[in-house]
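Whenever a hint applies, use it, and build me the whole structure from the sequences.
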Amino acid sequence: MPQTRHIERHFTAGDTLRNVVIGMSDGLTVPFALAAGLSGAVDSTALIVVAGLAEVAAGSIAMGLGGYLAAKSDAEHYESERRREQREVKELPGHEEAEVEQILQSYGLTKEQSEPLVASLRERPEAWVDFMMRFELGLERPEPARALWSAFTIGMAYVVGGLIPLGPYMMLASAREALLLSSLFTLFALLVFGYVKGRFTGTRPYRSAFQTMLIGGIAAGAAFVIARAIT
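FYI, in the working numbering the residues of the sequence shown are 1 to 231.
Calculated directly from the structure, the hints in this document are not laboratory data. All residues carry an ideal CB built from backbone N, CA and C; glycine is no exception. Among the hints, erroneous ones may be present.
Stated by the list, open to error - Each pair of labels, with its calculated beta carbon distance range:
(1) ARG84 / VAL192: 41 to 51 Å
(2) ARG134 / ASP43: 57 to 67 Å
(3) LEU47 / ARG141: 41 to 51 Å
(4) ALA58 / GLU123: 52 to 62 Å
(5) ARG134 / ARG18: 17 to 27 Å
(6) LEU69 / ASP43: 38 to 48 Å
(7) SER44 / GLU81: 50 to 60 Å
(8) GLY138 / THR110: 46 to 56 Å
(9) LEU184 / GLU143: 37 to 47 Å
(10) ARG18 / ARG204: 17 to 27 Å
To be verified - No more than 20 Å apart at the CA atoms, straight line, and that leaves these computed lysine to any residue pairs for SDA-like:
(11) LYS90 / ARG124
(12) LYS111 / ARG122
(13) LYS72 / LEU148
(14) LYS72 / MET133
(15) LYS90 / GLU79
(16) LYS111 / GLU99
(17) LYS197 / VAL21
(18) LYS72 / ILE164
(19) LYS111 / PHE135
(20) LYS90 / PHE135
This is the structure we're talking about:
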């Protein structure tokens, strides 16, 4: 009887999705909260658009730079730990062999079953280091272009997200009317974004959609109330 070939499908764009989530979630909520807050203080859509665009520009640069520095820090940490492991494999092989045995035994292998694997790694120093990096420290080698890609994806996601709540202010003359339309646009965008994020991350899509929309709504509502109270 012919067998159907099993094909595993794994989501492999984790870092990119994480960057988009970081940029888009802040891009939707922060400019929305700013525009809502200003709408409670002034009735000038032109002023709100200028302030909003300035915030989007500054926010995207700051978020992108933060993503770049975080990725660079991860890469530097990986290289530092790898150099340490290379030194220990060379200078303290007995200690490292014991650590390999402990790792293998944590997966249910006996000492006798572990010994051939330890001996095989002893003959392959770089593979030994790779093993320790992955299974002792839980570190994966970062992609060389990850820092720049993180900066770009976070920054662009922030810009895209930030333009959604500002769109109505660019089309309408009344800040109060624009606020109502902006609220509908942004809450809907948060709902869709939360749903898509939930689908990709494996969490409950509807729960993720509701949580994302709720957080954005609370942030904007708080900014609006504070601005109204001050003025």
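Now the hints, each set against the structure:
{"no.": "1", "hint": "ARG84 / VAL192: 41 to 51 Å", "in the structure": "holds (45 Å)"}
{"no.": "2", "hint": "ARG134 / ASP43: 57 to 67 Å", "in the structure": "holds (59 Å)"}
{"no.": "3", "hint": "LEU47 / ARG141: 41 to 51 Å", "in the structure": "holds (49 Å)"}
{"no.": "4", "hint": "ALA58 / GLU123: 52 to 62 Å", "in the structure": "holds (55 Å)"}
{"no.": "5", "hint": "ARG134 / ARG18: 17 to 27 Å", "in the structure": "holds (20 Å)"}
{"no.": "6", "hint": "LEU69 / ASP43: 38 to 48 Å", "in the structure": "holds (40 Å)"}
{"no.": "7", "hint": "SER44 / GLU81: 50 to 60 Å", "in the structure": "holds (54 Å)"}
{"no.": "8", "hint": "GLY138 / THR110: 46 to 56 Å", "in the structure": "violated (24 Å)"}
{"no.": "9", "hint": "LEU184 / GLU143: 37 to 47 Å", "in the structure": "holds (39 Å)"}
{"no.": "10", "hint": "ARG18 / ARG204: 17 to 27 Å", "in the structure": "holds (19 Å)"}
{"no.": "11", "hint": "LYS90 / ARG124", "in the structure": "holds (12 Å)"}
{"no.": "12", "hint": "LYS111 / ARG122", "in the structure": "holds (16 Å)"}
{"no.": "13", "hint": "LYS72 / LEU148", "in the structure": "holds (9 Å)"}
{"no.": "14", "hint": "LYS72 / MET133", "in the structure": "holds (18 Å)"}
{"no.": "15", "hint": "LYS90 / GLU79", "in the structure": "holds (17 Å)"}
{"no.": "16", "hint": "LYS111 / GLU99", "in the structure": "holds (12 Å)"}
{"no.": "17", "hint": "LYS197 / VAL21", "in the structure": "holds (7 Å)"}
{"no.": "18", "hint": "LYS72 / ILE164", "in the structure": "violated (30 Å)"}
{"no.": "19", "hint": "LYS111 / PHE135", "in the structure": "holds (17 Å)"}
{"no.": "20", "hint": "LYS90 / PHE135", "in the structure": "holds (18 Å)"}
Figure legend: structure checked against the earlier numbered hints; hints not met, in rising order: 8, 18.
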